[in-house]
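Visitor: Residue numbering for the sequence shown follows my numbering, starting at 64 and increasing by one per position.
Worth flagging that the hints you see were computed from the coordinates, not collected in a lab.
Every clue listed holds true.
With a Cα cut of at most 27 Å, we get these calculated DSS-like pairs of lysine-lysine:
| no. | residue 1 | residue 2 |
| --- | --- | --- |
| 1 | Lys192 | Lys370 |
| 2 | Lys267 | Lys282 |
| 3 | Lys301 | Lys246 |
Fair warning: this is a prediction, and the values are worked out from it, not measured in the lab.
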Amino acid sequence: MKSLLLIWVIFLLLLGCEHTPTKSQSVESVEGPGGTDEANAQRSREILYATLWMQHSAEYRAAALQAFEGARAQLKTATKCGTAEAGQLQQSKGTCGAKSPWAKRPAAIIFDLDETLLDNSAYQAFQIKQRELYDDDRWEIWVKSEEALAIAGAVDFVKDASKAARIYYVTNRECRKPIDKVKDELKLRADCPQLLDTMSRMEKLGFPKAKDRSAFYLKGMYADLQSKEAIRQKIATKHRIAMLVGDNLKDFVESQAVYADNEAKLAPLWGKRWFIIPNPAYGSWPDVLSADADQEVSEACSHLATKKEKDYCAYRPEYEARMNKLKVWFPLE
64 MKSLLLIWVI
74 FLLLLGCEHT
84 PTKSQSVESV
94 EGPGGTDEAN
104 AQRSREILYA
114 TLWMQHSAEY
124 RAAALQAFEG
134 ARAQLKTATK
144 CGTAEAGQLQ
154 QSKGTCGAKS
164 PWAKRPAAII
174 FDLDETLLDN
184 SAYQAFQIKQ
194 RELYDDDRWE
204 IWVKSEEALA
214 IAGAVDFVKD
224 ASKAARIYYV
234 TNRECRKPID
244 KVKDELKLRA
254 DCPQLLDTMS
264 RMEKLGFPKA
274 KDRSAFYLKG
284 MYADLQSKEA
294 IRQKIATKHR
304 IAMLVGDNLK
314 DFVESQAVYA
324 DNEAKLAPLW
334 GKRWFIIPNP
344 AYGSWPDVLS
354 ADADQEVSEA
364 CSHLATKKEK
374 DYCAYRPEYE
384 ARMNKLKVWF
394 PLE
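Starting from the given sequences, assemble the full structure and let the hints guide the process.
Guide: As structure tokens, this is what we get:
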């Protein structure tokens, strides 16, 4: 009996060892490249409630409609030469006035695309279901699928805006290579498939100027325009920027630091020349929250070969840094 009991105990111990990885096992063999499956799932789940809110809440739809309706109410005033120009930072020589160089320039309205005009929440839901992080190749497949939807109120407002000003679509959707001088359709498809796929989808959704390639500025589309700020400056050389519409502060200014330095001058533009669509799922705002983890991430992850591996590796220190930024209430004991 004692022998049988001893054998049973040894069996249970071996069974436990089989399902409990030891610390000496490699990260890749146990956890997959760059992080545990559960860590990957946790990171993708962080956008679960944001994605559900965007897909199902009446409040999100109302917020988008409110932003576009507010922009419509300002459209006539904004496209006239006034004192509160949307492109103050680009038009540094001054605002519109009788002797201003901007007075005779045509008005332009600049729109971001993703989560401003186009709803990509189905792709975000895919990430959550698959326990994946953002991936460039997967994103390109999503863009090619042409399944993005229009944000509530977007199509109607852009149609109205196109009657009052020259409209531009400035997006971080990306070209593989600059296409400054590309005219051949096959080469254009090879070098910048996201441009053609985006134009096609926007045409189907009813957006104006969807067939006009000159209305689009993608990331990397032109060799000398490597940021949205550079694109805004380029547009401002021939137009007066009357209105900006986006979901990210970088759709309006170069960085959070630039905005902070100029807030007194720029804050009055909100609701008059600048209109923002809420995006709780992603953006540049978390960058500030994880800045405290930069050195730790560099030390722990710099040896990894791919961006995906580095992203997974960076998750834990960035998560802790963000947790430490919480403004927490504790009850008095």
